[in-house]
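Enquirer: Next come the chains, spelled out residue by residue.
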Amino acid sequence: MTQTEQLLKRLPNDIGGTSADPISVVDHELEPWERRCHALADVLDFHKIINTEEKRRGVEALGTELVGKLSYYERWIACFANILFQKGILTPEELALKMKEVESRWDDFDKESTQAARS
Amino acid sequence: MQDNIAETKPLAPKAVPALGETAVYAKGEAVRILDRTPIGHYRVPLYLRGKHGVIESVIEPTGLNNEEEGYGRNAGSKLHYYRVAIPMTEIWPGYTGSPRDGLRIEIFETWLERN
Amino acid sequence: MAHEENGHDHDHDHSHAEIGQTERPGYYDNLETVVRELLVSKGYFGPDEIRRQIEVLDSRTPALGAMVVARAWADDAFRKRLLDDGRAACEELGITFYDQTGLIVLENTDKVHNLIVCTLCSCYPRPVLGLPPDWYKLKPYRARAVSEPRKVLAEFGTIIPDDVEIRVSDSTAMVRFLVLPKRPEGTEDFDEVQLAAIVTRDTMIGVVEASKDIRRGE
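Chains as they are written, first to last, in our numbering: chain Y, 1 to 119; chain F, 120 to 234; chain V, 235 to 452.
Since the hints were made in silico from the structure, they are not lab data.
Don't take each hint at face value.
[To be verified] Lysine-lysine pairs mimicking BS3-like chemistry, simulated, CA-CA at most 30 Å apart:
(1) Y:K9 to V:K373
(2) Y:K69 to V:K373
(3) F:K170 to V:K373
(4) Y:K55 to V:K276
Every value quoted in this text rests on a predicted model; they were computed, and no experiment measured them.
Work out the full structure, taking the sequences as your base and the hints as a guide.
Expert: Now the structure itself:
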């Protein structure tokens, strides 16, 4: 296989038998958003909005660099957004606008906290 | 006992299974995992392509081809998955563990051929 | 949650307490909120479904798998049913398979040691063990468990004699695997509660052997 063929044919997740570091027995307690993200994945699969196999394909489709650098649930939520765009369920614009709104909730919260601290 | 059953007149005509309902490979059969290179999405890891093994069991019930499921095909014709046993020495020529050691994996019917 | 006690009201449709956060969430945290709330507002599913699924996930821990293993050790008829149809036997004990996967239980014996891995992603018997640990999802384990299982096991402190066959099951499709560890010596007098207490998550992945002196943390 040429180098570009190799890039096309080996999925970023297909790593069985490749060389890797010694095992480091690491774990962490899931963040609240990670638990929500996992529950979201399950509910998306129950309704076949995004089935589990589409999620796997969506993660692979992020490409080697993102698969390597994003954390486990960061990859999931990024791939959900991409697949929902592809299916016409969400649009990038809707998502961007909603993102602004969600971020602004915490502007209110910060303002309130500052005021509370002063009073 | 079996002979008696065979000789008894059946109560109904034989039910014909649909295409794909009957497993093509049987427990104990020697098979080869195909050496294909699909792009996009697949569920047969590269390290097993072209390797020889034996059917350890037929997975029931039948399932969708998960390469198609990966593109949102949630229904369609189902086929069997097979639990295939492959010696480690078949996969890794320089395998240093015991020669008895082996790998097991489920492979979809369309990815197998008779050895 | 001090601000909640102020009795403030503002016009968005949740309380900060409900989503359990006290500081500005990060980008991906917000992205999850955005995707979920947009889908709920479009009627794809209700917010109760996510809450319920979080409860489902929280209820799935290695204690369930340990209960299954302890029953199999204590009750030979159950052990046979478990090896014959893992899912049906777990269902007998009230464990449902919400993710529609099947379950094959792999029995460790004096002659065979089983180990489970998912090289392509992170398939894991979630209904019975809960969510997998990080090391199970990371490259070193996924890459090496299938090519040098004895070295990987040694890194977990597990030495398997050469006359014992190692079987590595790489999960890829609709079936998940659970290792039924060997019942350790010195547990002949243990009841099911005592047996369950020594069945750790890692013994059911197959990276370590059960020991009468090692207890499962919660």
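Enquirer: Does each hint hold? Answer for all of them.
Expert: Consistency of the hints with the structure:
Among the hinted pairs, K9 of chain Y with K373 of chain V is consistent with the structure: their alpha-carbon atoms are about 19 Å apart, no more than 30 Å. Taking the CA atoms of K69 of chain Y and K373 of chain V, the gap is about 12 Å. The hint holds against a cut of 30 Å. A C-alpha spacing of about 23 Å is found between K170 of chain F and K373 of chain V, which places the hinted pair at or below 30 Å, so the restraint holds. A hinted pair counts as satisfied when its Cα atoms are at most 30 Å apart, and K55 of chain Y with K276 of chain V qualifies at roughly 21 Å.
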